[in-house]
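Visitor: So the sequences go chain by chain: F and C.
Numbering-wise, the first sequence is residues 1 to 174 according to the working numbering.
Numbering-wise, the second sequence is residues 1001 to 1645 according to the working numbering.
Hints are computed from structural coordinates only; laboratory data are not their basis.
For each residue, glycine too, the CB sits at the ideal point set by N, CA and C.
Careful, some of the hints might be misleading.
What the hints assert, rightly or not - Straight-line C-alpha distance at most 25 Å; calculated SDA-like pairs for lysine to any residue: (1) C:Lys1443 to C:Thr1340; (2) F:Lys47 to C:Tyr1021; (3) F:Lys31 to C:Thr1340; (4) C:Lys1540 to C:His1461; (5) C:Lys1443 to C:Val1509; (6) F:Lys122 to C:Leu1070; (7) C:Lys1540 to C:Leu1603; (8) C:Lys1443 to C:Lys1477; (9) C:Lys1540 to F:Cys60; (10) C:Lys1537 to C:Phe1373; (11) C:Lys1196 to C:Met1157; (12) C:Lys1378 to F:Cys60; (13) F:Lys61 to C:Asn1366; (14) C:Lys1393 to C:Arg1258; (15) F:Lys68 to C:Lys1462; (16) F:Lys99 to C:Arg1382; (17) F:Lys33 to C:Leu1119; (18) C:Lys1393 to C:Gly1618; (19) F:Lys118 to F:Val153; (20) F:Lys105 to C:Gly1372; (21) F:Lys105 to F:Gly81; (22) F:Lys121 to C:Asp1083; (23) F:Lys38 to C:Thr1254; (24) F:Lys68 to C:Thr1340; (25) F:Lys68 to F:Gly81.
What the hints assert, rightly or not - To give a feel for the contact side, a few chain F residues facing chain C, derived at Cβ under 10 Å: (26) Asn36; (27) Gly49; (28) Lys68; (29) His74; (30) Ala76; (31) Gly81; (32) Thr91; (33) Lys97; (34) Lys99; (35) Arg103; (36) Phe109; (37) Trp142; (38) Arg143; (39) Gln145; (40) Gly164.
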Amino acid sequence: MKIYIITILLCFSVSLFAKENETGRVIPDLKIKLLNGKTTSIHELLKDGPLMIDFWATWCKPCKKVMKHLDTYHQAYKENGFKVLMINQDTPRSIGKVKSYIRGKNHQFIVALDPNQKIAKKLNGLVMPTLILVDQDGTIKWRHQGYMPGEEVEIEHQIKTLLGLNTESGSKDS
Amino acid sequence: MKEKILLILTAAILSGADFDYNASIVASYGDNYDFYSYSENRLDLNLFYNNIQAWIQYEYSNPPEIGFPLNDIRKFRVEYARDNFTIKVGDIYEYWGRGLVFNQIDDQTTNYDNGTRGLFLGYTNGGLSLSHLNGNTEIWFFGNDLRTPYFNNSHSMYGNQAQYDWNNISLGLTQLHSNETHQKYFGEAYVNHKLKGIYGSIMLDNADLFVEYVDKKSTEKASLFQGIPHDTLKNGYGVYGNLNLYLGSWGLTTEYKRYVFDSGHGDFTADEYGNRIGFQMMPTLGREQNTTLLGRVVHPYNFNDERGLQLSLTGPLPLGLNLLTQYAHLSRNDTWQSLTTIDWKNKHIDGLLPGSDESSLPYWENYQEISGFGLDDKLYFRFGRGNNKDIIKVFRFFDGQQRSMILTESWNYDTTEYYGYIYVDSTLVTDTSFTALFDVESKMWQEVGSNTYPFEFSYTHKNGYSLGIGFEYQERKKRNISRGNATFYNGSDSSWSLINPDNPDSFYVNYESQFTDWNSERVKTQFNRMVTLSFSKASKWSLTINHDQSSAFDGPKTIDPYYNPLEALIFGDIKYFTGDRDRSAPPRFGQQRWVSAEVAFNLSSSQRISIMYGSIQGGLYCSNGICRQIAPFNDGVKLSYSAIF
Chain F
1 MKIYIITILL CFSVSLFAKE NETGRVIPDL KIKLLNGKTT SIHELLKDGP
51 LMIDFWATWC KPCKKVMKHL DTYHQAYKEN GFKVLMINQD TPRSIGKVKS
101 YIRGKNHQFI VALDPNQKIA KKLNGLVMPT LILVDQDGTI KWRHQGYMPG
151 EEVEIEHQIK TLLGLNTESG SKDS
Chain C
1001 MKEKILLILT AAILSGADFD YNASIVASYG DNYDFYSYSE NRLDLNLFYN
1051 NIQAWIQYEY SNPPEIGFPL NDIRKFRVEY ARDNFTIKVG DIYEYWGRGL
1101 VFNQIDDQTT NYDNGTRGLF LGYTNGGLSL SHLNGNTEIW FFGNDLRTPY
1151 FNNSHSMYGN QAQYDWNNIS LGLTQLHSNE THQKYFGEAY VNHKLKGIYG
1201 SIMLDNADLF VEYVDKKSTE KASLFQGIPH DTLKNGYGVY GNLNLYLGSW
1251 GLTTEYKRYV FDSGHGDFTA DEYGNRIGFQ MMPTLGREQN TTLLGRVVHP
1301 YNFNDERGLQ LSLTGPLPLG LNLLTQYAHL SRNDTWQSLT TIDWKNKHID
1351 GLLPGSDESS LPYWENYQEI SGFGLDDKLY FRFGRGNNKD IIKVFRFFDG
1401 QQRSMILTES WNYDTTEYYG YIYVDSTLVT DTSFTALFDV ESKMWQEVGS
1451 NTYPFEFSYT HKNGYSLGIG FEYQERKKRN ISRGNATFYN GSDSSWSLIN
1501 PDNPDSFYVN YESQFTDWNS ERVKTQFNRM VTLSFSKASK WSLTINHDQS
1551 SAFDGPKTID PYYNPLEALI FGDIKYFTGD RDRSAPPRFG QQRWVSAEVA
1601 FNLSSSQRIS IMYGSIQGGL YCSNGICRQI APFNDGVKLS YSAIF
């Protein structure tokens, strides 16, 4: 028990230290395979503007709830160069259903495939959903794990802040 | 060596070199009255420096929830990419096609890890990509212990892949060679596996097609007395196809599989050699369930010998609703006839489709779901219905003809005269004859089936508070069915014993439920209910209360000897709080019910801590097509923390 508490405290310390130093971290330029069969990279997608990355799977319930909102933001702010990249983690065993699911929902965001979690491991997106908001220069501006109903307000707030569309100051996520 | 790598990489970060990095921490702790406590902590660190990427996973677990205790670097990998070349050294995780030859995963929830520690070389030029990897893999499997793996299959392997992409067409060739030391209950088998595969895909506007084929040859290296070589050979193959059709916003997914690597009667699969190996993580063609009760009735997929198809249709309905409907039918590739108790004969199922004969262990599954948002997206709801039927065991299965033997005995008397005396001699004469041929049927199998209705609803107020209600109801049957005019096989006269020897037309059908109630009486149906209530404040905290209840035992009766205040509160047991309840003797109404409460806090947007108190029912848990039995967690505390930075 003692070791466990020490470990937890160590984790807190390290992560708080990291939080303080988060600004300026640049997302690596990883190659990604898109649902349409084409290949691109994260930096390539950043050419037009900021990017919101989210990790999801067809069996993930909270992922499906947040997807609807992310698609709304993808369409609402696309004129500002903003995009949403949804990286799917269905394994090769169930990946056949991904395209049907996306077509069925009529989602417009960009969908990439990561069947053995190569990208997710490199960006720490194994917990689903995990949101990463990246500025056009590749700087990671915001990270978020999980989804509770109502958090879409905070997500949109972060997007608008990054795009300079927010008249309010400060984050709603205190 | 591993310590040196960690030291160098840590020093590089602390020295503020031009490294970029990210990290994640997952820490969990659990303790319950069964005296099994666990402490599992993992740190993942990714480093990026120009063309170099590195990954280290450090684990301190003593013991983990499942697996072996560890206080060391669990995984590491260094990658270098330049121009068209990629080199990776360390723990490699790759996949080819849809995994008929090769699909590597590290699934912590089921403790399945088939990654290779070795070398990967990759080359890409235009549409052409080539890759080679080799190394060693240790794949662990569980025995009787639900928490600590017991069997180890060790692979020394190498493999090659070539893929060519041209516009919307892809074509790939794969090859894998593995020398396996296969651990068995008694001793080991030394097996050489050779796999060759081909896959191709085409993507069009309104359709996609993917097809993969693998051919597998396995040779067991064995020797008889005095070292005489006795190698045995086994051949197998697998086919998978996926055709997606799109019409507007509607999508139809069709999948077909046929895995023929090794076969056996009933639920028997030889644990020797020539089976599908641990690298072959192939499509299941069953739905990846995401509700608790449906997840407990998942079919035990047989990747050695199974064929089937799956259809899934999804699309929008009026009023902003969405429909998802799915159907799957699977079976073994053969039907089986039990000629005697131990002698079984197979017959290949004609055509491509799965069989429905009980001896081919058929499985049917269908699921329908309607979901949608309402009230300006504040309301989310989901209604589902899942139904399945699975033949999981066949004990005997004979349907044929036999003759009954008729023995007639008589005494023959003879006389002999000897010097005037008459002697009488007698001889017993046995006459054997047979009746005309008559039909004989003797079948017995085990069948499980269930109907499940999951429902979910959540409402979010504009102030960020939300209320969620989940309810699942399930009716489940598990029974042994015996049918025919004969019961057991009689080895002494090599025939099936009729229930009424004088009348072969006397047929019977008997159903014997495998569920028992609290009084150990058999009951036809098991009723399961799960209620989940959640209350949350967006981005801050959430409270979830879970109540799981089952009406019958599937196996031996288990008694929960501990009664905690949360259970008393949920059950409305006032006596517990007034001191009138004997806490050492839990009331009957508290048995076969599992209650838990979990509070989660978001410390920041990237840090989360949760505390759970109560009990969780054990049972089947499936993830990524891998299923394992989870041990129950009784009256304990779980604490978990996760962070990314």
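Visitor: Now tell me if each hint is right for this structure.
Guide: Each hint tested on the structure:
A hinted pair counts as satisfied when its Cα atoms are at most 25 Å apart, and Lys1443 of chain C with Thr1340 of chain C qualifies at roughly 12 Å. For the given pair, Lys47 of chain F sits about 22 Å from Tyr1021 of chain C by alpha-carbon distance, which is consistent with the 25 Å threshold. Of the supplied pair hints, the one linking Lys31 of chain F and Thr1340 of chain C is violated, its CA atoms being roughly 59 Å apart against a limit of 25 Å. Among the hinted pairs, Lys1540 of chain C with His1461 of chain C is consistent with the structure: their alpha-carbon atoms are about 15 Å apart, no more than 25 Å.
For the proposed pair Lys1443 of chain C and Val1509 of chain C, the alpha carbon gap of about 10 Å is at most 25 Å, so the pair holds. Using a Cα cut-off of 25 Å, the hinted pair Lys122 of chain F and Leu1070 of chain C holds, with the two alpha carbons roughly 23 Å apart. In summary, the hint linking Lys1540 of chain C to Leu1603 of chain C is supported, as the alpha carbons are separated by about 8 Å, within the 25 Å threshold. Between Lys1443 of chain C and Lys1477 of chain C the alpha-carbon distance is near 19 Å, which keeps this suggested pair within the 25 Å criterion.
About 21 Å separates the Cα atoms of Lys1540 of chain C and Cys60 of chain F, which keeps this hinted pair within 25 Å; it holds. The straight-line distance between the Cα atoms of Lys1537 of chain C and Phe1373 of chain C is roughly 19 Å, inside the 25 Å bound, and the hint therefore holds. Among the hinted pairs, Lys1196 of chain C with Met1157 of chain C is consistent with the structure: their alpha-carbon atoms are about 14 Å apart, no more than 25 Å. With a C-alpha separation of about 20 Å, the suggested pair Lys1378 of chain C and Cys60 of chain F falls inside the 25 Å cut-off, and the hint holds.
Proximity of Lys61 of chain F to Asn1366 of chain C is assessed by CA-CA distance (about 19 Å); at most 25 Å being required, the pair is judged to hold. Restraint check for Lys1393 of chain C and Arg1258 of chain C: satisfied, since their Cα atoms lie roughly 20 Å apart, inside the 25 Å limit. In summary, the hint linking Lys68 of chain F to Lys1462 of chain C is supported, as the alpha carbons are separated by about 17 Å, within the 25 Å threshold. Under the criterion of a C-alpha separation no larger than 25 Å, the hint pairing Lys99 of chain F with Arg1382 of chain C is consistent with the structure, at around 21 Å.
This hinted pair checks out: Lys33 of chain F and Leu1119 of chain C have alpha carbons roughly 23 Å apart, not beyond 25 Å. Distance hint between Lys1393 of chain C and Gly1618 of chain C is fulfilled; the C-alpha atoms sit about 22 Å from each other, no more than 25 Å. Simply put, Lys118 of chain F and Val153 of chain F have alpha-carbon atoms about 30 Å apart, too far for the 25 Å limit, and the pair is violated. With a CA separation close to 11 Å, the supplied pair Lys105 of chain F and Gly1372 of chain C stays within the 25 Å bound.
Distance hint between Lys105 of chain F and Gly81 of chain F is fulfilled; the C-alpha atoms sit about 23 Å from each other, no more than 25 Å. Restraint check for Lys121 of chain F and Asp1083 of chain C: the C-alpha separation of about 23 Å stays at or below 25 Å, so the hint holds. Simply put, Lys38 of chain F and Thr1254 of chain C have alpha-carbon atoms about 23 Å apart, close enough for the 25 Å limit, and the pair holds. For the given pair, Lys68 of chain F sits about 59 Å from Thr1340 of chain C by alpha-carbon distance, which is inconsistent with the 25 Å threshold.
Our distance criterion of 25 Å between C-alpha atoms is met by Lys68 of chain F and Gly81 of chain F, whose separation comes to about 19 Å. Contact between Asn36 of chain F and chain C, as hinted, is supported at the beta carbon level, the nearest pair being about 7 Å apart and thus within 10 Å. A distance limit of 10 Å between C-beta atoms decides the matter here; for Gly49 of chain F the minimum to chain C is near 21 Å, and the interface restraint is violated. Contact between Lys68 of chain F and chain C, as hinted, is supported at the beta carbon level, the nearest pair being about 6 Å apart and thus within 10 Å.
Interface hint status for His74 of chain F: violated, as the beta-carbon distance to the closest one in chain C is roughly 15 Å, over 10 Å. The criterion of a C-beta within 10 Å of any C-beta in chain C is not met by Ala76 of chain F, whose closest approach is roughly 13 Å, and the hint is violated. For Gly81 of chain F, the shortest C-beta to C-beta distance to chain C is roughly 23 Å, which exceeds 10 Å, and the interface hint is violated. Using the Cβ-Cβ criterion of 10 Å, the hint placing Thr91 of chain F at the interface with chain C is satisfied: the shortest such distance is roughly 5 Å.
Evaluation of the Lys97 of chain F hint against chain C yields a held restraint, the C-beta minimum of about 5 Å falling below 10 Å. Evaluation of the Lys99 of chain F hint against chain C yields a held restraint, the C-beta minimum of about 6 Å falling below 10 Å. Proximity of Arg103 of chain F to chain C holds as hinted, the smallest CB-CB distance being about 4 Å (cut-off 10 Å). Contact between Phe109 of chain F and chain C, as hinted, is not supported at the beta carbon level, the nearest pair being about 15 Å apart and thus beyond 10 Å.
A least Cβ separation of about 7 Å between Trp142 of chain F and chain C falls short of the 10 Å threshold, and the interface hint therefore holds. For Arg143 of chain F, the interface hint holds, the least distance from its beta-carbon to any beta-carbon of chain C being 4 Å, beneath 10 Å. At a threshold of 10 Å, the smallest CB-CB gap from Gln145 of chain F to chain C is about 6 Å, leaving the interface hint in force. Look at Gly164 of chain F: its Cβ only gets to about 20 Å from chain C, farther than 10 Å, so that hint breaks.
The structure fails to meet hints 3, 19, 24, 27, 29, 30, 31, 36 and 40 from the earlier list, while all remaining hints are met.
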